[in-house]
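Residues per chain are reported as follows:
Number of protein chains: 2
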Amino acid sequence: MSEQGKEMNEAQLNVHLLELLDLEAIDDFRDEFLEMHPYDQAKFYMLLIPEQRQKLYQFLSPEEMAEVFENLEIPEENYQELLSEMHPTFAADMLGEMYADDAVDVLNELDKEQVASYLTIMDGESAQEIKDLLHYEEDTAGSIMTTEYVAIRSHQTVRSAMQILRKEAPDAETIYYIFVIDEEKKLVGVVSLRDLIVSDEETMISDIMNERVVSASVADDQEIVAKTMRDYNFLAIPVVDFQKHLLGIITVDDVLDVIDEEASEDYSKLAGVSDVESMNTSSLQSAKKRLPWLVILLFLGMMTASLIGHFEDTLNKVAILAVFIPLIAGMSGNTGTQALAVAVRGLATGDIEREGIWKMIMRELGTGLIVGTSCGILVTGVVYVWQHDFFLGLLVGISIFATLIVATLAGALVPMLMHRLKIDPAVASGPFITTLNDLLSILIYFGLATTFMSYLQK
Amino acid sequence: MSEQGKEMNEAQLNVHLLELLDLEAIDDFRDEFLEMHPYDQAKFYMLLIPEQRQKLYQFLSPEEMAEVFENLEIPEENYQELLSEMHPTFAADMLGEMYADDAVDVLNELDKEQVASYLTIMDGESAQEIKDLLHYEEDTAGSIMTTEYVAIRSHQTVRSAMQILRKEAPDAETIYYIFVIDEEKKLVGVVSLRDLIVSDEETMISDIMNERVVSASVADDQEIVAKTMRDYNFLAIPVVDFQKHLLGIITVDDVLDVIDEEASEDYSKLAGVSDVESMNTSSLQSAKKRLPWLVILLFLGMMTASLIGHFEDTLNKVAILAVFIPLIAGMSGNTGTQALAVAVRGLATGDIEREGIWKMIMRELGTGLIVGTSCGILVTGVVYVWQHDFFLGLLVGISIFATLIVATLAGALVPMLMHRLKIDPAVASGPFITTLNDLLSILIYFGLATTFMSYLQK
Numbered sequence: 001m002s003e004q005g006k007e008m009n010e011a012q013l014n015v016h017l018l019e020l021l022d023l024e025a026i027d028d029f030r031d032e033f034l035e036m037h038p039y040d041q042a043k044f045y046m047l048l049i050p051e052q053r054q055k056l057y058q059f060l061s062p063e064e065m066a067e068v069f070e071n072l073e074i075p076e077e078n079y080q081e082l083l084s085e086m087h088p089t090f091a092a093d094m095l096g097e098m099y100a101d102d103a104v105d106v107l108n109e110l111d112k113e114q115v116a117s118y119l120t121i122m123d124g125e126s127a128q129e130i131k132d133l134l135h136y137e138e139d140t141a142g143s144i145m146t147t148e149y150v151a152i153r154s155h156q157t158v159r160s161a162m163q164i165l166r167k168e169a170p171d172a173e174t175i176y177y178i179f180v181i182d183e184e185k186k187l188v189g190v191v192s193l194r195d196l197i198v199s200d201e202e203t204m205i206s207d208i209m210n211e212r213v214v215s216a217s218v219a220d221d222q223e224i225v226a227k228t229m230r231d232y233n234f235l236a237i238p239v240v241d242f243q244k245h246l247l248g249i250i251t252v253d254d255v256l257d258v259i260d261e262e263a264s265e266d267y268s269k270l271a272g273v274s275d276v277e278s279m280n281t282s283s284l285q286s287a288k289k290r291l292p293w294l295v296i297l298l299f300l301g302m303m304t305a306s307l308i309g310h311f312e313d314t315l316n317k318v319a320i321l322a323v324f325i326p327l328i329a330g331m332s333g334n335t336g337t338q339a340l341a342v343a344v345r346g347l348a349t350g351d352i353e354r355e356g357i358w359k360m361i362m363r364e365l366g367t368g369l370i371v372g373t374s375c376g377i378l379v380t381g382v383v384y385v386w387q388h389d390f391f392l393g394l395l396v397g398i399s400i401f402a403t404l405i406v407a408t409l410a411g412a413l414v415p416m417l418m419h420r421l422k423i424d425p426a427v428a429s430g431p432f433i434t435t436l437n438d439l440l441s442i443l444i445y446f447g448l449a450t451t452f453m454s455y456l457q458k
Numbered sequence: 001m002s003e004q005g006k007e008m009n010e011a012q013l014n015v016h017l018l019e020l021l022d023l024e025a026i027d028d029f030r031d032e033f034l035e036m037h038p039y040d041q042a043k044f045y046m047l048l049i050p051e052q053r054q055k056l057y058q059f060l061s062p063e064e065m066a067e068v069f070e071n072l073e074i075p076e077e078n079y080q081e082l083l084s085e086m087h088p089t090f091a092a093d094m095l096g097e098m099y100a101d102d103a104v105d106v107l108n109e110l111d112k113e114q115v116a117s118y119l120t121i122m123d124g125e126s127a128q129e130i131k132d133l134l135h136y137e138e139d140t141a142g143s144i145m146t147t148e149y150v151a152i153r154s155h156q157t158v159r160s161a162m163q164i165l166r167k168e169a170p171d172a173e174t175i176y177y178i179f180v181i182d183e184e185k186k187l188v189g190v191v192s193l194r195d196l197i198v199s200d201e202e203t204m205i206s207d208i209m210n211e212r213v214v215s216a217s218v219a220d221d222q223e224i225v226a227k228t229m230r231d232y233n234f235l236a237i238p239v240v241d242f243q244k245h246l247l248g249i250i251t252v253d254d255v256l257d258v259i260d261e262e263a264s265e266d267y268s269k270l271a272g273v274s275d276v277e278s279m280n281t282s283s284l285q286s287a288k289k290r291l292p293w294l295v296i297l298l299f300l301g302m303m304t305a306s307l308i309g310h311f312e313d314t315l316n317k318v319a320i321l322a323v324f325i326p327l328i329a330g331m332s333g334n335t336g337t338q339a340l341a342v343a344v345r346g347l348a349t350g351d352i353e354r355e356g357i358w359k360m361i362m363r364e365l366g367t368g369l370i371v372g373t374s375c376g377i378l379v380t381g382v383v384y385v386w387q388h389d390f391f392l393g394l395l396v397g398i399s400i401f402a403t404l405i406v407a408t409l410a411g412a413l414v415p416m417l418m419h420r421l422k423i424d425p426a427v428a429s430g431p432f433i434t435t436l437n438d439l440l441s442i443l444i445y446f447g448l449a450t451t452f453m454s455y456l457q458k
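Residue numbers (this note's numbering), protein chains in the order written: chain A, 1 to 458; chain B, 1 to 458.
Hints are computed from structural coordinates only; laboratory data are not their basis. You may find that some hints are simply not true.
[Said to hold, decoys possible] Restricting the straight-line Cα-Cα distance to at most 30 angstroms, the calculated cross-link-like pairs of lysine-lysine (BS3-like) are:
id : chain 1 : residue 1 : chain 2 : residue 2
1  : A       : 167       : A       : 186
2  : A       : 422       : B       : 55
3  : A       : 359       : B       : 289
4  : A       : 131       : A       : 186
Predicted model, so just to flag it, every value in this text is computed and none were measured.
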């Protein structure tokens with residue numbers, strides 16, 4: 001990545017800006033600062049100590065601070081602190097100047113009373129827009145949409161549409177799609193700015209608009225909206241209620257955040273960590289988040305231990321059996337996690353629904369058979385060479401063969417079952433499947449060993 | 001998701017189109033088909049059997065088929081088959097009509113000779129554009145950029161810029177950013193269409209262009225480009241060489257694909273599966289992809305087994321020790337995977353570099369201590385109640401305490417070490433860290449048991 005034009009690099013520029021801020025050289029500071037991209041402004045803001053931030057609030061208008069806030073990337077719990085540093089009127093004005101969807105993201109982190117007090121100070125129109133958006137449930141299309149879109153009527157001409165666009169351009173979140181509504185505010189079409197600029201000025205919007213508008217319903221899951229926008233390469237998608245009234249739009253930049261967020265959520269779940277854990281989470285908070293999972297797994301592990309306890313007789317007679325416990329349990333955990341990840345991804349992409357569950361199960365069974373046979377033969381050989389005991393080798397080999405097949409199927413079936421039960425399959429984490437497969441593999445291994453005990457005792 | 005205007009739903013529309021295709025009602029078919037969004041056209045295309053596809057190639061122009069191909073979502077190895085069904089000239093013309101970056105994605109899946117033969121038949125300009133792009137290494141900015149952008153000069157007026165835009169709109173991949181170059185084709189600025197339409201027609205581009213252009217270098221990793229575009233909310237980013245010559249642009253729709261791709265790659269790696277595995281991969285192919293990992297883990301597991309073998313004396317004396325092997329190994333694997341996921345994500349987001357490696361290690365050490373102490377005390381109690389043996393309970397509890405701390409640190413340190421060694425930390429999968437932690441936990445458990453043997457024998 002590089003930035004052209006000015007030869008000062010980012011670090012030098014930040015140092016220079018800090019000097020200007022400390023010198024209270026307001027005009028020079030504003031000249032330099034306002035020329036930066038809002039994302040870089042936000043990065044600069046995060047470098048400041050509280051006293052410097054106070055100066056910044058003096059130097060910038062609420063509207064200018066709004067752009068900084070829209071681009072902040074900080075843990076959500078920190079918004080409260082930053083807002084409380086500002087004069088309440090400044091904070092309320094700033095929130096009012098932000099795009100409504102971004103303001104809602106910030107307000108969702110505050111206490112109810114605080115939100116109410118900011119909304120009271122804020123100008124009426126912004127407050128109403130924000131209030132409307134605050135109602136929508138988290139992770140729905142409604143919760144990420146914004147109401148700052150451009151809408152026109154189908155009997156207008158391209159010329160008058162362009163006039164509206166020019167007027168609304170400073171406030172609208174995107175001007176590259178213009179939505180066409182009827183007298184009841186129902187969505188009837190869409191025109192891109194591309195279409196507008198290549199059309200004759202006297203053309204009617206109804207002649208060039210696309211009537212087959214793909215839209216999101218306000219209650220749709222944000223992940224589905226993201227997938228649709230990705231599939232259709234949309235820069236924005238309209239959001240409608242059940243009567244097809246246009247309520248807002250979702251722009252591609254919000255969808256980038258959604259995709260990123262959902263992916264890192266799935267990733268964390270696979271490992272059994274809550275996704276809200278970041279570098280700034282304290283040890284105690286992290287431990288609190290990880291412990292519930294670990295305690296559940298601990299009790300599952302205790303079940304495995306008590307299962308082995310039932311085979312104590314077998315173990316007392318042939319102590320060497322204990323040597324292969326971690327190998328067998330570990331291998332079943334590993335294959336299970338592999339199958340799990342493929343299944344969760346298949347469910348997320350919709351591949352499994354498309355291809356059918358049976359196809360998926362047969363595929364995993366086949367994979368388990370091949371993997372189990374290969375590893376089983378390999379293990380039989382290695383144990384025989386190492387322990388000079390063919391029956392022991394065969395026992396461990398057959399156990400590996402059987403557990404890998406069972407573990408592969410378990411890894412594939414558990415997320416499918418969860419999907420059927422309308423539980424997010426990503427909750428079936430690696431640690432859970434691993435501990436479940438520990439249990440199954442011990443049962444198979446000691447079951448076989450106890451049955452064929454006579455061959456093992458020499 | 002819903003589609004307005006026409007009342008026919010997607011399934012009905014597809015059935016209707018299939019009828020028109022079978023009836024060879026070319027005009028009616030084209031009327032309906034060309035009104036669909038290209039993504040829906042692509043979904044329809046995937047429903048067809050080979051004979052129906054042949055008809056489609058007769059009904060549509062190469063240019064119309066190009067839009068279908070740009071929106072196909074099929075396993076990459078299938079492109080070869082579809083192209084070979086077409087007349088070579090039709091296929092070459094279609095590839096030439098596609099956006100150059102999409103055409104390159106398809107051509108990358110074909111044999112060298114086939115690519116050469118298509119490029120020979122194709123019109124000269126398209127062939128040259130594609131040849132230029134084929135050189136770039138996979139996963140770099142160069143490999144995902146397109147050359148269909150709009151460039152102007154700084155001494156032009158807004159009016160003349162708009163004229164160029166209108167002319168290039170049908171071919172350019174985006175017209176919402178216009179790039180400003182000097183006489184040597186070096187990038188000197190950027191203007192958005194938003195800026196153009198709100199400016200007076202006689203304004204000089206140099207007066208409204210932004211000279212601080214954030215650009216990507218042609219060799220940059222695609223993941224970094226995606227992160228930059230997401231941070232800055234760009235719809236497109238220019239790609240330059242080391243002398244700042246403008247080579248191409250990357251649009252946000254390609255970046256959506258990159259983010260999705262990279263996220264599912266990391267997810268698969270955490271589980272120890274190759275990311276190219278999909279529902280359409282056969283069992284044999286899946287097994288081939290999973291086996292190498294499993295065989296490595298098998299030998300690591302054998303090391304654990306041989307480690308326990310060294311403690312056979314201890315085991316022969318106190319067989320009950322074997323009962324807790326899966327519990328201790330399992331718990332260390334689980335905590336290790338949790339720490340691993342947090343570390344890999346921290347490295348991916350750049351959080352760790354920003355906050356410092358020491359902070360991260362101290363944080364994980366703290367978390368390990370809390371988690372280890374809690375689980376250790378819990379286990380001591382449970383084992384004491386179950387086995388009525390306080391020393392056994394204490395041994396298992398202390399082992400859990402020690403292994404959880406070690407496992408948490410191992411989970412955090414292994415990806416950091418890989419990052420330092422310039423290996424992608426996402427390669428450190430859950431199964432790997434689990435198996436490594438098996439080894440460490442067995443060493444701690446049996447080491448302690450052997451040392452304090454006298455307390456355990458009654």
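Quick rundown of the hints versus the structure:
no.: 1; hint: A:167 <-> A:186; verdict: holds (22 angstroms)
no.: 2; hint: A:422 <-> B:55; verdict: violated (42 angstroms)
no.: 3; hint: A:359 <-> B:289; verdict: holds (19 angstroms)
no.: 4; hint: A:131 <-> A:186; verdict: holds (21 angstroms)
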